[in-house]
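Asks: So you can see what is in the structure, the chains are spelled out below.
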Amino acid sequence: MTRVFMEGSEVIAKTVVLCKPHVISAYPITPQTHIVEGLAKLVADGKLKSKFMEVESEFSAISSVAGACAAGSRTFTATSSQGLALMHEVLFATAGMRLPLVMVVANRALSAPINIWNDQQDSISERDSGWIQLYVETVQEASDTLIQAYRIAEDNKVLLPIMVCMDGFILTHTMEPVDLPGEREVREFLPGYNPTHAILDPKRPMTIGPFAYPEPYFKLRKELSSAIDSSRKIVSEVNEEFGRKFKRKYGNGLIEEYKNDKDFAILSMGSVVGTIREVVDKRKDVGLVKIRCYRPFPKEDLIKALKDKKMVLIVEKDISLGLGSGSVFSEIRDILYSLKKRPQVVGFVAGLGGVDIRSKDIEKTVEQSKKMNDGEVKWLM
Amino acid sequence: MKKSEDKLEPGGVIKRPGSSKEVKTGSWRTFRPVVTINCKGCGICVQFCPEGCIEIKNGKAVIDYDYCKGCLICVNECPVKAIKSEKEVK
Numbered sequence: 001m002t003r004v005f006m007e008g009s010e011v012i013a014k015t016v017v018l019c020k021p022h023v024i025s026a027y028p029i030t031p032q033t034h035i036v037e038g039l040a041k042l043v044a045d046g047k048l049k050s051k052f053m054e055v056e057s058e059f060s061a062i063s064s065v066a067g068a069c070a071a072g073s074r075t076f077t078a079t080s081s082q083g084l085a086l087m088h089e090v091l092f093a094t095a096g097m098r099l100p101l102v103m104v105v106a107n108r109a110l111s112a113p114i115n116i117w118n119d120q121q122d123s124i125s126e127r128d129s130g131w132i133q134l135y136v137e138t139v140q141e142a143s144d145t146l147i148q149a150y151r152i153a154e155d156n157k158v159l160l161p162i163m164v165c166m167d168g169f170i171l172t173h174t175m176e177p178v179d180l181p182g183e184r185e186v187r188e189f190l191p192g193y194n195p196t197h198a199i200l201d202p203k204r205p206m207t208i209g210p211f212a213y214p215e216p217y218f219k220l221r222k223e224l225s226s227a228i229d230s231s232r233k234i235v236s237e238v239n240e241e242f243g244r245k246f247k248r249k250y251g252n253g254l255i256e257e258y259k260n261d262k263d264f265a266i267l268s269m270g271s272v273v274g275t276i277r278e279v280v281d282k283r284k285d286v287g288l289v290k291i292r293c294y295r296p297f298p299k300e301d302l303i304k305a306l307k308d309k310k311m312v313l314i315v316e317k318d319i320s321l322g323l324g325s326g327s328v329f330s331e332i333r334d335i336l337y338s339l340k341k342r343p344q345v346v347g348f349v350a351g352l353g354g355v356d357i358r359s360k361d362i363e364k365t366v367e368q369s370k371k372m373n374d375g376e377v378k379w380l381m
Numbered sequence: 001m002k003k004s005e006d007k008l009e010p011g012g013v014i015k016r017p018g019s020s021k022e023v024k025t026g027s028w029r030t031f032r033p034v035v036t037i038n039c040k041g042c043g044i045c046v047q048f049c050p051e052g053c054i055e056i057k058n059g060k061a062v063i064d065y066d067y068c069k070g071c072l073i074c075v076n077e078c079p080v081k082a083i084k085s086e087k088e089v090k
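Chains as they are written, first to last, in the numbering used here: chain A, 1 to 381; chain B, 1 to 90.
Please keep in mind that the hints were generated in silico from the structure rather than gathered at the bench.
Take the hints with a grain of salt, since some may be wrong.
27 Å max Cα-Cα, derived DSSO-like pairs, lysine-lysine [as the list claims (entries may be wrong)]:
1. Lys-40(B) <-> Lys-222(A)
2. Lys-203(A) <-> Lys-21(B)
3. Lys-15(B) <-> Lys-222(A)
4. Lys-259(A) <-> Lys-370(A)
5. Lys-203(A) <-> Lys-2(B)
6. Lys-7(B) <-> Lys-219(A)
7. Lys-222(A) <-> Lys-3(B)
Chain A regions said to be covered by chain B (calculated; three or more residues, Cβ under 8 Å) [what the hints assert, rightly or not]:
8. 116 to 125
9. 193 to 204
10. 217 to 223
11. 333 to 344
Cβ-to-Cβ under 10 Å is the rule here; a few derived chain B residues that face chain A [unchecked claim]:
12. Ser-4
13. Glu-5
14. Pro-10
15. Ser-20
16. Lys-24
Cβ coordinates follow ideal geometry from the N, Cα and C atoms, glycine included.
For reference, chain B alone in the conformation it holds in the complex (with noise of 0.2 Å):
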C-alpha cells in the first residue's frame, strides 16, 4: 500500500495487480549481490529471488536494487559463482 493511498477499499484490499512495485523496499540492505561478467544468463537466481526483482536482459541476470533485499539467495544459488556479495555502502 502505497503511504498515501487515495482511495481505501474496506479492508485495505487493494483491487489493482502489482501494487507491491508502488512501494520501494530495497533501502535496508546491508550486503549487495554484484553480477559479475562470468553470468551465463541460466536464469537459476531469477527462479530463486523471493523479492521476485531479478530478470534476465541481453543473456544477464539484471537485479533490481530498488526492491532487492540483500538476502543473497542469489549468491548460494549461482551454479558458476558469477554473483559475489559486497558491504553495502550508502
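Next up, chain A with everything else stripped away, as it sits in the complex (with noise of 0.2 Å):
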C-alpha cells in the first residue's frame, strides 16, 4: 500500500491500473476528462496493458465495451452527464444481457441551461436500468468501491453492470490524500475475470442478446429483477471482505450510520455526506444516514436506520421534475409507509448545477425542517 496525494480522477486511472481491464472505451466529457485522459496516458506508456478504443460518442463507448464485455473481457468506461444521457439505450441493454460492465459516472448537471458543474441527476435519471448504482463520499471511498465493483459485478449470483457515481468536480478535481493498495493485494482480492455465461468461443457457440416474445421477455425481466434484489447480500459481503483486507469499510456496504441514535436523521449521498457529518459532529440532537448503494436500494437496512425517529430530513441533489422532489425523497417516504409509528419526513432540494452545500447550509436546513410539515419539500437555496 501507498500512500499518495492526488487529484481524484487521477486516483481513479491509478485504481483502473490496479483492476487491470481487458478493453477501455471512453469519449470525454468534463468532469471525466481527467479519468480517461490519465488512461489514455498510461496505455501509451505501456505502463497499462489495455486495448483503449478511441470512439467518436458515449454511445459508441459504452457499445464498445458491452461487446467486448460479451465476448469476455473485463472492461472500464467512464462518463457525465450528457454522455451518461446518451448511453441510456445501451445501459437497459447491458443490463438485459447481464453483463458485468463498470463504469465511473463523475456527477455533473444535465442540460438545459448548459452546466458542467455537480449533482446528481444524470445518475439518478438511469435508477431503473437496471444497472447497480454505488455514491461514494470521497476519492478514497471511490477508488476503494472501484476495486470492489468488479467483484460485485462479475460475482456469478449478480452478473450486473455497475455505476459508481462520484460527485464531479468535488472529487474529480480535488486533491486527497487517499491509500492506493498494492497490486498483489488486489490481484488477491480481485482475481481475473473468468466468464461462463457470455463469452466469445467458437467451440462455445451461444446467441447474445437475441429476440424475445412476450413470456419469455417477461420471464427475464422478472429474473433480472431478482438478481439485482439478491446482489444487496454481495455488495455488503464484498465490502466486508475489502475491510477485513484492507482495514477500511464502508458502513455495511449498502449504507452508513454516523451517530444515529437521536430522534433527528439526515439522510443524503455523495460526496456532501462529509459535510453533513461535521455538523453532526458540532450539533448533538442530529445523526446522519448514509446512501451508498442507491440501486438496488436498500429498503430493510433503511428502515431499521430511520423506523424510530422524529423527524428525517433528506438532503439530495436531483429533482423528479412533475413530482416536486427528489428521488430519493419519494423512495424514502414509500418504504416508511407501511410502519405503524412512521418519522416526519421532509426534503430538501440542494446543490443543483454545481451550487455550493457548505455546513452553515446544511444547519439551515435543519433549523427549517422544525417549521415544515409532514411531506414538505424545500429547494435549498
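Fit chain to chain and form the complex, with the hints in mind.
Replies: Right under this line is the structure:
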C-alpha cells in the first residue's frame, strides 16, 4: 500500500490500472475527462496493457465495452451527464444481457441550461436501468469502491453492470491523500475475470442478446429484477471482505449510519455526506444516514435505521420534475409508509448545477425543517 | 428465441447454435423472389442473401420461403436476371 496525494481522477486512473481491464473505451466529457486522459496516457506509456478504443461518442463507448464484455473481457468506461444520457438505451440492454460492466460516472448536471458542475441528476435518472449504483463520499471511497465493483459485478450470483458515482469536480478534481493498495493485494482480492455465461468461443457457440417473445421477455425481466434484488447481499459481503483485507470499509456496504442515535436523522448520498458529518459532529441533536448503494435500494437497512426517528431530513442533488421532490425523498417516504408509527419526512432539493452546500446551509435545513410539515419539500437556495 | 423457451439462461443467452432456425420469419413478405428456369446455379445470390436462406440444389438456386423476407436483393444481384419478383399473395 502506498499513500499518495493526488487528484481524484488520477486516483481513479491508477485504480483502474490495478484492476487490469482488457478493454477501455470512453469519450471525453467534463468532469470525467481527466480519468480517461490519465488512462490513455498510461496505455500509451505502456504502463497499462489494456486495449484503449477511441470512439466518436458515448453511445459507441458503452457499445464497445458491451461487445468486449460479451466476448469475455473485463472492461472499463467513464462518463458524465449528457454522455450518460446518450448511453441510456445501451444501459438497459447491457443490464438485460447481464454484462458485468464497470463504469465511473463523474456526476454532473444535465442540460438545459448547459452547466458543467456537479449534481446527481444524471445517474439518478438512470435508476431504473438495472445497473447497480454506488455513490461515494470521498476519493478514497471512490478508489476502494471501484475495486469492489468488479468483484460485485463479476460475481456469478450477480452478473450485473455497476456505476460508481462520484461527484464531479468535488471529488474528481480535488487533491486528497489516498491509500492506494498494492498490485499483489488487489490481485488477491480481485482475481481475473473468468466468464462462463457470455463469452466468444468458437467451441461454445452462443447467441447473446436475442429477440424474445412476450412470455420469455416477461420471465427474463422478472429474473433481472430478482438478480439485482439479491445483489444487496453480495454488495455487503464484498464490502466486509474488503474491510478485512484492506482495513477500510463503508458502513455495511449499502448504508452507513453515523451517530444515528438521535430522534433526528439527516439522509443523503455522495460527497455532501462529508459536510453533513461535520454538522453532526458540531450539533448534538442530529444523526446521519448515508446511502451508499442506491440501486438496489437498501429498503430493510433504511427502515431499520429510520423507523424510530421523529424526523428524517433528506438532502439530495436531483429533482424529479413534475413530482416536486427528489427521487430519494419519494422512495424513503414509500418504504416508511407501512410502519405503524412513521417519522416525519421532509426534503431539500440542493446543490443543483454545482451550487455549493456548505455546513451552514445544512444547519439552515435543520432549523427550517422544524417549521416544515410532514412531506414538505423545499429548495435550498 | 422460441415462443416458449424451456430453460432461460441469465440474460436470455441461447447456448445452442443455429437457434434462429427454430423461429420461422418468412410471413411478412410483400414481394416473393421466384427462381426461373434461366438459373445457372452460379451461387451469387447465396452470397448476397442477408437471411442466408438460399441454397444451390442440383445446380439451381432454391429459396427457403420460411425465412425469406422478400428484400429482393437476389433479384437485383442475379447476373442473368434469372430471379423474378412477384407480388406475394396470401
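Asks: Any hints from earlier that this structure breaks? Give me their numbers in increasing order, please.
Replies: When the structure is compared with the hints, numbers 1, 8, 11 and 16 turn out to be violated.
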